[in-house]
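Chemist: Going down the list, the sequences are from chains X and G. At position 99 of the first sequence the residue is numbered 99 (our numbering), and the sequence of numbers has no breaks. For our numbering, count along the second sequence from 1 and bump the result up by 274.
None of these hints come from the bench; they were simulated from the model. Glycine included, C-beta positions come from ideal geometry on N, C-alpha and C. Mixed in with the good hints, there may be bad ones.
[What the hints assert, rightly or not] Partner residues are not named here, just some residues of chain G that face chain X (Cβ under 7 Å, in silico):
1. K374
2. D428
3. M472
4. P480
[What the hints assert, rightly or not] Simulated restraints on C-beta separations:
5. X:E253 - G:T293: 41 to 51 Å
6. G:K308 - X:M1: 38 to 48 Å
7. X:R27 - G:D342: 27 to 37 Å
8. G:T449 - X:K250: 30 to 40 Å
9. X:E41 - G:Y509: 58 to 68 Å
10. X:A33 - G:D499: 24 to 34 Å
11. X:L14 - G:R360: 47 to 57 Å
12. G:Q299 - X:V180: 26 to 36 Å
13. X:D220 - G:T449: 33 to 43 Å
14. G:T449 - X:R27: 44 to 54 Å
15. G:T303 - X:L14: 47 to 57 Å
16. X:L131 - G:Q402: 35 to 45 Å
17. X:P100 - G:Q299: 45 to 55 Å
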Amino acid sequence: MSVSKRSTIIVEHLRRQQMLDNLAKGRRLDGRAFDEQRPLEIEVDVIKKANGSARVKLGNSEVIAGVKVETGEPFEGLEDKGALIVSGEVLPIASPHVEPGPPDEETVELARVVDRGIRESEMVDLGKLVLVPGKIVYTIFVDCSIVNADGNLFDATSYAAVSAILTAKIPILEMKDDKVVDTGSTMPMPVTTVPVSITQVRIGDAILVDPASEEEGCMDARITIDTTDEGYCALQKGFTGGFSPDQIRKAAETARIKGEQVRAKIKEATGFGR
Amino acid sequence: MTQTRNLIDENGKRTDGRTIDELRQVKITVGTVKNADGSAFIEFGKNKIVAAVYGPREVHPKHLAQSDRCVLRCRYHMSPFSTDTRKNPAPSRREVEISKVMREALEPAVMLEDYPRAAIDVFVEVLQSDGGSRCAGITAASVALADAGINMRDIVAACAAGKVDDKIVLDINDTEDKEGGADMPVAYMPTLGQITLMQLDGRLSPEQFNECLDKALVGCKMVYDIQRQALMQKYFGNETEVKEEQ
Numbered sequence: 001m002s003v004s005k006r007s008t009i010i011v012e013h014l015r016r017q018q019m020l021d022n023l024a025k026g027r028r029l030d031g032r033a034f035d036e037q038r039p040l041e042i043e044v045d046v047i048k049k050a051n052g053s054a055r056v057k058l059g060n061s062e063v064i065a066g067v068k069v070e071t072g073e074p075f076e077g078l079e080d081k082g083a084l085i086v087s088g089e090v091l092p093i094a095s096p097h098v099e100p101g102p103p104d105e106e107t108v109e110l111a112r113v114v115d116r117g118i119r120e121s122e123m124v125d126l127g128k129l130v131l132v133p134g135k136i137v138y139t140i141f142v143d144c145s146i147v148n149a150d151g152n153l154f155d156a157t158s159y160a161a162v163s164a165i166l167t168a169k170i171p172i173l174e175m176k177d178d179k180v181v182d183t184g185s186t187m188p189m190p191v192t193t194v195p196v197s198i199t200q201v202r203i204g205d206a207i208l209v210d211p212a213s214e215e216e217g218c219m220d221a222r223i224t225i226d227t228t229d230e231g232y233c234a235l236q237k238g239f240t241g242g243f244s245p246d247q248i249r250k251a252a253e254t255a256r257i258k259g260e261q262v263r264a265k266i267k268e269a270t271g272f273g274r
Numbered sequence: 275m276t277q278t279r280n281l282i283d284e285n286g287k288r289t290d291g292r293t294i295d296e297l298r299q300v301k302i303t304v305g306t307v308k309n310a311d312g313s314a315f316i317e318f319g320k321n322k323i324v325a326a327v328y329g330p331r332e333v334h335p336k337h338l339a340q341s342d343r344c345v346l347r348c349r350y351h352m353s354p355f356s357t358d359t360r361k362n363p364a365p366s367r368r369e370v371e372i373s374k375v376m377r378e379a380l381e382p383a384v385m386l387e388d389y390p391r392a393a394i395d396v397f398v399e400v401l402q403s404d405g406g407s408r409c410a411g412i413t414a415a416s417v418a419l420a421d422a423g424i425n426m427r428d429i430v431a432a433c434a435a436g437k438v439d440d441k442i443v444l445d446i447n448d449t450e451d452k453e454g455g456a457d458m459p460v461a462y463m464p465t466l467g468q469i470t471l472m473q474l475d476g477r478l479s480p481e482q483f484n485e486c487l488d489k490a491l492v493g494c495k496m497v498y499d500i501q502r503q504a505l506m507q508k509y510f511g512n513e514t515e516v517k518e519e520q
């Protein structure tokens, strides 16, 4: 059952007031413009045991993503496609508010939204990851570990997952006597496009790109929009406030413009398209 | 999603015979669960969903209580027999997420501050599922909240729009959801002009995105009228035709 609760991030009254006063003057507490992201750092191939990996820092939020390739049965109804599963976990080391144990609804939402953005963009050409149609396919696991939580985990996790996929080398497998054998060589992940997630929050009338933790503590509503080169592929509105239709249209436009910049950064860091 | 067959025929008719701007048949009956403080049964296409509201009532466990407002608790659940293959009755990750977005869609409409230290529980049970069960569930839940006499700012109406055969269509059904190009569920408070739920999966160009949002909002307004009619029907019966007072 989903229960309404206060944000786990407590922002003091004076700090909140200071934030609101500043926003009214068009400023954010950390000096950023409303549509400005925190510094984004992407490092790839950080985990040698994984088929692909990336470490992303967005401000102080930090996520490590790893790709592991296995074989398995295809999903029901998608017999001629490989399986792609993106998941995320907020580790107990990430903040004092996280407890070990089964994921709470916010973590479930985070993992599902990141997965949806990548899945719906059709980033990975899953049709190329089939060994025996209807029976054996490649199963690509992209696991994201959040190691430091300081706001906007949706975007940080998405960038980490996308970067890990872009740099993944997957083993070329063959069928021999009804058994899967590893040929010893690898191929790059069959990638078609680079999806980029942009999260914005509304605090009063101000709409801010890439909210830091304390901004999330004061937010009225949140929206995460995933774009590809061509347009939109996924969206999730979150939290207990609403948006006017005009605010949504504006946010969608911002997500495309900002998304384009981040896409360039991800491509540069991963060497994709070169 | 890659589409394998045509879902709109040469006459512009969809798999269930509707035009692209047509809503499925929607029927709302108010007060179907006698024990509940408020309830509603909705048939939205082939969806059959019952929503029941209990509260405001005492919060258990007590530590969940808030001193200055009430807590809204929401559960979206699908019965094992509601789907083609039996659904495991344990809550899936999908249901956890929908319970959350559903609560967040309803919360802006409820005057939580009027019921400090209390809880309002909203239970949404999908008995038979079709495409768009979260929208139908929110629509029913918001009528049930009104039926329970909870103070509200507006009624939340929900409807999806989507892309089928590269056309933007209103209120997509199960087949169109599974085989079509995109699905955008939206919940809207028409009087306040606030979107309280919005999701998207599937690819849309910027023009299609705006068209899809506009279409979903039109659908929400149609649903809103049906919600009002249903409530009027229960509380004023046939003697009062729904009169526009504004």
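Chemist: Run every hint past the structure and note whether it holds.
Modeler: Evaluated hints:
1. K374: holds, 5 Å
2. D428: violated, 10 Å
3. M472: Holds - the Cβ of G:M472 comes within 7 Å of chain X, reaching about 4 Å at its closest.
4. P480: holds, 5 Å
5. X:E253 - G:T293: 41 to 51 Å: Given a distance of about 30 Å, which is not inside 41 to 51 Å, the answer is violated.
6. G:K308 - X:M1: 38 to 48 Å: violated, 22 Å
7. X:R27 - G:D342: 27 to 37 Å: Given about 30 Å between the Cβ atoms, the range holds.
8. G:T449 - X:K250: 30 to 40 Å: Holds, since G:T449 and X:K250 (Cβ atoms, about 34 Å apart) stay within the stated range.
9. X:E41 - G:Y509: 58 to 68 Å: Holds, at about 60 Å.
10. X:A33 - G:D499: 24 to 34 Å: Given range 24 to 34 Å: violated, Cβ gap about 42 Å.
11. X:L14 - G:R360: 47 to 57 Å: holds, 55 Å
12. G:Q299 - X:V180: 26 to 36 Å: Once the Cβ atoms are compared, 50 Å apart, the range 26 to 36 Å for X:V180 and G:Q299 is violated.
13. X:D220 - G:T449: 33 to 43 Å: holds, 37 Å
14. G:T449 - X:R27: 44 to 54 Å: holds, 50 Å
15. G:T303 - X:L14: 47 to 57 Å: The hint (47 to 57 Å, Cβ to Cβ) holds, given that G:T303 and X:L14 are roughly 51 Å apart.
16. X:L131 - G:Q402: 35 to 45 Å: holds, 38 Å
17. X:P100 - G:Q299: 45 to 55 Å: 48 Å Cβ-Cβ, so the 45 to 55 Å window holds.
Going through the hint list in order, the structure does not satisfy hints 2, 5, 6, 10 and 12.
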